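Colleague: For this one, chain D is given, so just place chains Y, P, W, F, H, C and U with the ligands on it according to the hints.
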Amino acid sequence: MTDAIVERPIVPTEHRPDRAAHEVGHKVAPLLLTEQSHFCPGCGEPIAARTILENLVELGVAGQSVAVLGIGCYTAMASSFDIDTVQALHGRAPSVATGVKRMKPDSIVFTLQGDGDMVNEGLQEVLHTAARGESVTAILLNNGVFGETGGHMTATSVLGQRTKNTIDGRDAEYHGYPIRIADLIAQLDGVAYVARGSVHSPGAIAKTKKMVHKALQMQVERKGFSFVEILTMCPTGWFIPTIEGPQYMDDTLGQVHTMGELEVRG
Amino acid sequence: MTDAIVERPIVPTEHRPDRAAHEVGHKVAPLLLTEQSHFCPGCGEPIAARTILENLVELGVAGQSVAVLGIGCYTAMASSFDIDTVQALHGRAPSVATGVKRMKPDSIVFTLQGDGDMVNEGLQEVLHTAARGESVTAILLNNGVFGETGGHMTATSVLGQRTKNTIDGRDAEYHGYPIRIADLIAQLDGVAYVARGSVHSPGAIAKTKKMVHKALQMQVERKGFSFVEILTMCPTGWFIPTIEGPQYMDDTLGQVHTMGELEVRG
Amino acid sequence: MKVLTRGTVTVDVEQCKGCDMCIPACPPGVLSMSREVNGRGYRFPILHPGCTGCQACQQICPDWVFEVFRYEEPIELEVPES
Amino acid sequence: MKVLTRGTVTVDVEQCKGCDMCIPACPPGVLSMSREVNGRGYRFPILHPGCTGCQACQQICPDWVFEVFRYEEPIELEVPES
Amino acid sequence: MTRRLMEGSEAIVEAAIAAGCRFFTGYPMTPFTEVLEHFSKRLPEVGGVCINAESELEAIGMTWGAAATGARAATGSVGQGLSLMQESIAEMALARVPIVVFNMSRGQSDYFQATRGGGHGDYRTIVLAPMDVSEAVELTQLAFHLADRWRNPVLVYGDFLIAHTSEAIDVQPIDFGPLPDKDWGIDGSTSGTGRSRMITSIGIGKAHSPTSGIIGHFEGIAPHLAAMQAAEARVETGFVDDADHIVVAFGTAGKFVRYVVGKMRADGVRVGYVRPITLWPFPEDAVARASEGKRAVMVFENSAGQLIDDVKISVLGRAPVIPIGGISTDASGFGVGDMYDAEVIRGRIEAVLAGQEVTS
Amino acid sequence: MTRRLMEGSEAIVEAAIAAGCRFFTGYPMTPFTEVLEHFSKRLPEVGGVCINAESELEAIGMTWGAAATGARAATGSVGQGLSLMQESIAEMALARVPIVVFNMSRGQSDYFQATRGGGHGDYRTIVLAPMDVSEAVELTQLAFHLADRWRNPVLVYGDFLIAHTSEAIDVQPIDFGPLPDKDWGIDGSTSGTGRSRMITSIGIGKAHSPTSGIIGHFEGIAPHLAAMQAAEARVETGFVDDADHIVVAFGTAGKFVRYVVGKMRADGVRVGYVRPITLWPFPEDAVARASEGKRAVMVFENSAGQLIDDVKISVLGRAPVIPIGGISTDASGFGVGDMYDAEVIRGRIEAVLAGQEVTS
Amino acid sequence: MEREIGLTGIGGQGIQLAAQSLARGAAHEGRNVSLFGVYSGSMRGGRTDSSVVVADGPIDAPPLVSHLWSVIAMHDAFWLPTVEGRGVQAKLRTGSVVLRNSSTFDTDLDRDRFRVFDVAATEIALGLGNEMMGSMVMVGAFAGITGLLEVDSAIEGMRQSVPSHRKQHIERNEAAIRAGFDAVADRVLAAPAWSDDNEEVRA
Amino acid sequence: MEREIGLTGIGGQGIQLAAQSLARGAAHEGRNVSLFGVYSGSMRGGRTDSSVVVADGPIDAPPLVSHLWSVIAMHDAFWLPTVEGRGVQAKLRTGSVVLRNSSTFDTDLDRDRFRVFDVAATEIALGLGNEMMGSMVMVGAFAGITGLLEVDSAIEGMRQSVPSHRKQHIERNEAAIRAGFDAVADRVLAAPAWSDDNEEVRA
Ligand SMILES: Cc1ncc(C[n+]2csc(CCOP(=O)(O)OP(=O)(O)O)c2C)c(N)n1
Ligand SMILES: Cc1ncc(C[n+]2csc(CCOP(=O)(O)OP(=O)(O)O)c2C)c(N)n1
Ligand code: SF4
Ligand code: SF4
Ligand code: SF4
Ligand code: SF4
Ligand code: SF4
Ligand code: SF4
Ligand SMILES: [Mg+2]
Ligand SMILES: [Mg+2]
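Protein chains in written order, with my numbering: chain D, 1 to 266; chain Y, 1001 to 1266; chain P, 2001 to 2082; chain W, 3001 to 3082; chain F, 4001 to 4360; chain H, 5001 to 5360; chain C, 6001 to 6203; chain U, 7001 to 7203.
No lab work stands behind these hints, which were simulated from the structure alone.
Mixed in with the good hints, there may be bad ones.
What the hints assert, rightly or not - No more than 30 Å apart at the CA atoms, straight line, and that leaves these computed lysine-lysine pairs for DSSO-like: (1) Lys-4263(F) / Lys-4294(F); (2) Lys-27(D) / Lys-223(D); (3) Lys-5312(H) / Lys-4294(F); (4) Lys-223(D) / Lys-4041(F); (5) Lys-5312(H) / Lys-4312(F); (6) Lys-223(D) / Lys-210(D); (7) Lys-1027(Y) / Lys-1214(Y); (8) Lys-1027(Y) / Lys-3002(W); (9) Lys-5294(H) / Lys-4294(F); (10) Lys-5294(H) / Lys-4312(F); (11) Lys-210(D) / Lys-2002(P); (12) Lys-6167(C) / Lys-5041(H); (13) Lys-223(D) / Lys-207(D).
Model, not experiment: these values are computed from the prediction.
Extracted from the complex, chain D is given alone in its bound form (with noise of 0.2 Å):
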């Protein structure tokens, strides 16, 4: 943001644009039963969900998804997905998901899950999943923090980070080391998919939703478990301005959890 653009003059933006023009993207993600975002100001959560919904559309499987929600901040979102929910406890989110997907074999079951929700309380869940090549995918909203208790360091953030309970810096002498959930996930024998993206710019948005989509299309092809980790900015866990948000996410958790894709079944 330079200075001389607030003296360029202003385009309105109340309305549609009287010239021709085409809309691209719609301005709600789709399966949404609500505009409202009960979200702090710069949440990476929203952004990732939108992600998951157009490719559920895309896919063309929306009319046979079943969401199953961890317990964190996005569980805000079982009740503007227009999607079948079950909302499963703390970390239990996996194995609740599996319970729907044998007794349902035909649906689309994905679980919406927090750094603190699956490789805290849940880590166990997640893994037992995997490795019984379940055939389901399981979304991970990586912040690094317990967003929804107020910025708690979880078993993912990094060393150094500033959380609630290491104010000075996560110090891993006393407070141990972060957990690169995908990294494991990668090594286990049932999965079919794991890769992990961000969104904290738009072009990290967009590698995101590829991998979203590959990971849904593993269980249409029901090759096994898939997994996205998608790290997800919190400002008010980092205790930080929320412009500041993409950048300290690329500086601390980007670093240890790098992005890209760590397993493909063929």
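Modeller: Same frame as chain D, but now just chains Y, P, W, F, H, C and U with the ligands:
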């Protein structure tokens, strides 16, 4: 065993030799309060226990050692080990060990757990403890079954393995894939030492003993979390004659959970 | 000076939470934050000439504020020399 | 035939659970299983000439049955030609 | 099927399958293990699914998911395993997810956990306590029915004795009458239609069908509990009307007491028994009525004293309430102690009749 | 330390530290989070350890290990988290591991879980229920004392109100008298001496010091519970002697009732109150005495009806027992509902005095 | 005399810090104080409430009060009864003092029943360069209008309340409090807290 | 008439299969049967007990009986009272029939009180090539000595009881049962189950 041997004369074995001879090794493993062992014939767990007990003595740390036991057949060792012991619940030993170690930093704390205990019920515990770099040693007795409950499938049972509830053999499609736990743990930043041994032959036992030595040494030097997985025979849970135990292990578990050192922090 | 403008956006001012993230995300840098606040007390983005209709703002906005359009024919908008 | 015998073992018959594992573990193959059973109904190992005192049996035995000795001087024990 | 000698755990599995249970999962623990083994053999044969869950926590989660689709689903465990499931059981009650949980308990000292809910918050599970294998076959089927009727978890409180006793059994499906449609089941088919569904314990609804909110959700619990309580109490009584003393006992202990009281009656002793079949709702009225004018109400239970609370709440001072049970287990901790002996029990009842103190 | 405005959660932490607590661990959940935050700041300052546990299950396990060394150790949670800990709490009671658990509960509907034990088997935890921040400071310290005295887990039953209310507080260590040596603590030093020690819930001993075995271990529970019960019941009563009606309430609800009854007395209404401070052991005798000759015993609790069971068991028919509470929460489910209002409560009490029905 | 002050808003509006500033400020002046806050860790726009009781004698009332002498109203999301509760307004009496953030509080108020003071807190904060400091502005305005505490005490209360990892905000918080105080210069002690005619505040 | 048969031993001795063979065998002959077994999954030498009630009418007694008409005693670990329980002997009455595996059961028995029959079951099994089949031998001996059921019924009971993954053992089990039966050829019906003079069995 050739049939010929039985034709040969018998050497008396009731008493110490009357000729000049020196004893090599102890009959009973050190640090035991009783010679009785409540294990099935052909069980590998007492063999593994010997490798630990001998190392504690040889490292000179016996007098500061604390054992934290999981729940499985090896739980029976709680009464016979002459070692301060906290009996943990099924799966919870790594956390209990953490509590002990943090309050008594000069003690040498090790867990003794089975595959059911560690890789099923308590998978999350051991991974978090390892990632935390907790200065404890975890020892896994992996026999690929819940021995104690009668030989059911665990998260380490290999494909095709016949267990009480996978009577036609573990099938990837229905029962999922085995977890190679040592490989997973070796991925984590907090770990100082990870190795996998076995007790199915005298040679393997000797190697395993060295691994346990190194693991405990890492704890003495406060280098982080150390871990040794030991493959043990469970003829009862494998539904095979005791004599076939070692070979069966080599042919099944040993092919998936391969032996060797996976991580050695310098 | 004329600025080539391939697209435009609408801004749903009341939806905005003033996070500022769209500002640096806009490749041609044609968004700036308002001086006033909306009904919830948040500042919101203002568009200046030069939008390419690239959707970057839309994609990164957590609050579904933008609708993006591409003109059938690019237009030129007048801006003062800076 | 004389068999060189460097060591010997004692067998705590009542401790044995008859698992047979010591038999193949003995490198020179000088152990065999008894025909009788002990007080708990298990057969147990019997030693024949040729022990090397290598401790293999002791290490693999889950029931602490063996004590192993090495002779200061190896001895030769007589066995019939097989 | 014709009569066949079956262990209790096998009979329970056959009964569950007869009741339409098509999903089961669990983690081994004696004597629940045996139930799991039979399910893992039988369910695939009838087109159902049995998962060897990696732990009890995962078992209860999978059951939640399966039941959320509307399928009849069950799990279970013992002691420690049941405790681990309490979080989910409590929340499934809130989320109105009907499941059946088998507690093949060791002894009777999970009574509090079963009837008060070991989990957090205000919820109750219906608890059915069979006294033997035959009754377990009936109550297992009833459990699935009641779970669906009330959209509430139902617990079957078995024990080691029921699991490990074999009797000649012929399992036949029982018709308990019609049930409401399971139109709340989740399968993805309403996604994207604007009528998508949600199963949740936290009281929020889809934006298109606002619920009463969290406050309303929680306030709605009390009437739901009251309705179950009014409708579902079940009890067996024997010889109570002209008895001077009565003995209250449930489950296997109830079977012993029933047998002993029968023998004592045959010998002319005026004693009666009350055997709660549902532990929750507790048959308060039946116990209250039976206690009217009695010289004492004895409570025989294999625990330090849990059932006795409900007996006191029912009797409300009408007669003295005297414990004649106690903790009794075997060396494996399976809860099959020496107290489970008709002669021992008779001795304790007679001691009370004789005005002596009973020490367990 | 001088008086300082402190939030309840901070005051609790200061009290715990004053009582010698040197190990704490937990997993965030409002309003327990605040307790954890203060511990994580304060314990390192006093040479203690605070671990950000990865989950509640791991928190309770770590606490077990720390307490097994003889250190004063504590953990806690809320709702779901507490439920997850029930397996361990039950078994720690059996293993005689003294710990303190803070349940910063949402409302009062964990009463059953707290007093009956949400876990399996026969065990009880002593439960201390402060009514406000000042009392929390005292009872937190008492909790550590009682845990060591009885080698039994002790639960402090707080709530959102106590956690989030700030008062000016001066935390001073309280001396509750001498305690037995903790010679059972494990530190490795007796290993290899033939006198090594063991902490276990499963009733087996070291081979060199045979215990009473599993049977003896379990049978020993009943006398242990009876001893705690006889010694530790605590209660506050007010205006009961000449009252026509009494109201029973605990914790924050008790604070409201005490305040309201005081106001009503000032207005000449003959009403009294009983406030159990220990929920287990329940002050049965005090409630029984207070109920003698009363026209009604009211129970005010923020739940569907849990405390009322213990009141009934105490009153045993001496007077009618009337619930005047109910489930009352706010929109976040924190259990701070509109019922917590002096005027609302007074209205309900007056309705009973007037012979009207109370609907919550 | 006891004065009950309610603060209501949505997450992120700094309600809790404002309440603490008032409470610690009043305590600093030797008053007895009890403070209760409804908040959870996150800032996702949910309800955040607080109530402060300030008294010149001991406080024996429970922290949740039946009535409010005054309320600082940052947002109207939880003002009227909803499915989420009976709303803040229900706790007011005739004559209660309402400080209304006119920038973000829309609902109509019964100005006959309540003593309503409009303060454009968010706009004032915006003028100071941070629109998120509206509740600090309100603290200053409250001190000015009610005199419940001195504005310097409020600033001292704020200083004591800012958590260690946010110390860098102290300066600008102080500026906001002062700006709020200045903004009501024309209404100083318009609703004096410690005067007796408040006893007119009635149900 | 009801006959209660106890079986006692240590894990790995095949107690449960023996009990099931008797129970299913008796059921095969049209008797009413109730069977109760104490076992856990593993075979670590712990207690394993079983009791079988066989009756010619309906059984209304609970499965844990106060007294045993007869007991098959494979090992004496749990025979007398210990810290682990009051022991099996406590359930016997004067005249109870005890089949004792003389190979592994050491404790002295009161041969005046009980009708004791020694069977060297483990040795007989060893002769058949598998020392672990002693309890099958005992089943055959029990059929011979008591006539509670025909030996062929016992074999049928065994067949029905062997789990599917152990079917390969049926042949040798049958051989063991027959060998047990043959071993007591000299004592056939020495303690007949269904004769009335058993009513002498008394406390
Ligand atoms: C068993 C249990 N423990 C704790 C909580 C409290 N809790 C709610 S959300 C949350 C953190 C969620 O973190 P994460 O999954 O990373 O989601 P985020 O809020 O960061 O999006 C916690 C600890 C809970 N709901 N259940
Ligand atoms: C929470 C809980 N669930 C189940 C059990 C039952 N249980 C006891 S031991 C055991 C299996 C142990 O397996 P493993 O750790 O592999 O040891 P092994 O017996 O094979 O040596 C199980 C499931 C238990 N004790 N606690
Ligand atoms: S706390 Fe963090 S994750 Fe939660 S809504 Fe706010 S920014 Fe998003
Ligand atoms: S069941 Fe297996 S692990 Fe357990 S004692 Fe027997 S052989 Fe060993
Ligand atoms: S569409 Fe692209 S160019 Fe136009 S405002 Fe948005 S980000 Fe900027
Ligand atoms: S990204 Fe969206 S919410 Fe954030 S400032 Fe831009 S328009 Fe507003
Ligand atoms: S010591 Fe070695 S050679 Fe001797 S018997 Fe043992 S294994 Fe065989
Ligand atoms: S290994 Fe040991 S127990 Fe096994 S047969 Fe040999 S001596 Fe006996
Ligand atoms: Mg997170
Ligand atoms: Mg195992």
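Colleague: Given the hint that Lys-6167(C) pairs with Lys-5041(H), test it: the Cα-Cα distance must not exceed 30 Å.
Modeller: holds (16 Å)
Colleague: Has the given pair, Lys-5312(H) with Lys-4294(F), been kept, meaning a C-alpha gap of at most 30 Å?
Modeller: The hint holds at about 20 Å.
Colleague: Tell me if the straight-line CA distance from Lys-223(D) to Lys-4041(F) falls inside 30 Å.
Modeller: holds (26 Å)
Colleague: Are the Cα positions of Lys-210(D) and Lys-2002(P) separated by 30 Å at most?
Modeller: violated (37 Å)
Colleague: Need the status of pair Lys-1027(Y), Lys-3002(W): alpha-carbon distance at most 30 Å?
Modeller: holds (28 Å)
Colleague: For a C-alpha distance cap of 30 Å, please report whether Lys-5312(H) and Lys-4312(F) respect it.
Modeller: holds (8 Å)
Colleague: Checking one constraint from the list: CA of Lys-223(D) to CA of Lys-207(D), max 30 Å. Satisfied?
Modeller: Measuring from Cα to Cα gives roughly 22 Å; hence the hint holds.
Colleague: Would you check the hint for Lys-4263(F) and Lys-4294(F), treating anything up to 30 Å between C-alpha atoms as holding?
Modeller: Holds, because 20 Å separates the two Cα atoms, which is no more than 30 Å.
Colleague: Does Lys-5294(H) pair with Lys-4312(F) here, judged by a C-alpha cut-off of 30 Å?
Modeller: Status holds; Cα separation ~20 Å.
Colleague: Lys-1027(Y) and Lys-1214(Y) were given as a pair; does the straight-line alpha-carbon distance stay at or below 30 Å?
Modeller: holds (24 Å)
Colleague: Can you confirm whether the C-alpha distance between Lys-223(D) and Lys-210(D) stays at or below 30 Å?
Modeller: holds (17 Å)
Colleague: Does the structure keep Lys-27(D) and Lys-223(D) at a Cα separation of 30 Å or less?
Modeller: At roughly 34 Å apart (the allowed maximum being 30 Å), Lys-223(D) and Lys-27(D) break the hint.
Of the numbered hints stated above, those contradicted by the structure are hints 2, 11, listed in ascending order.
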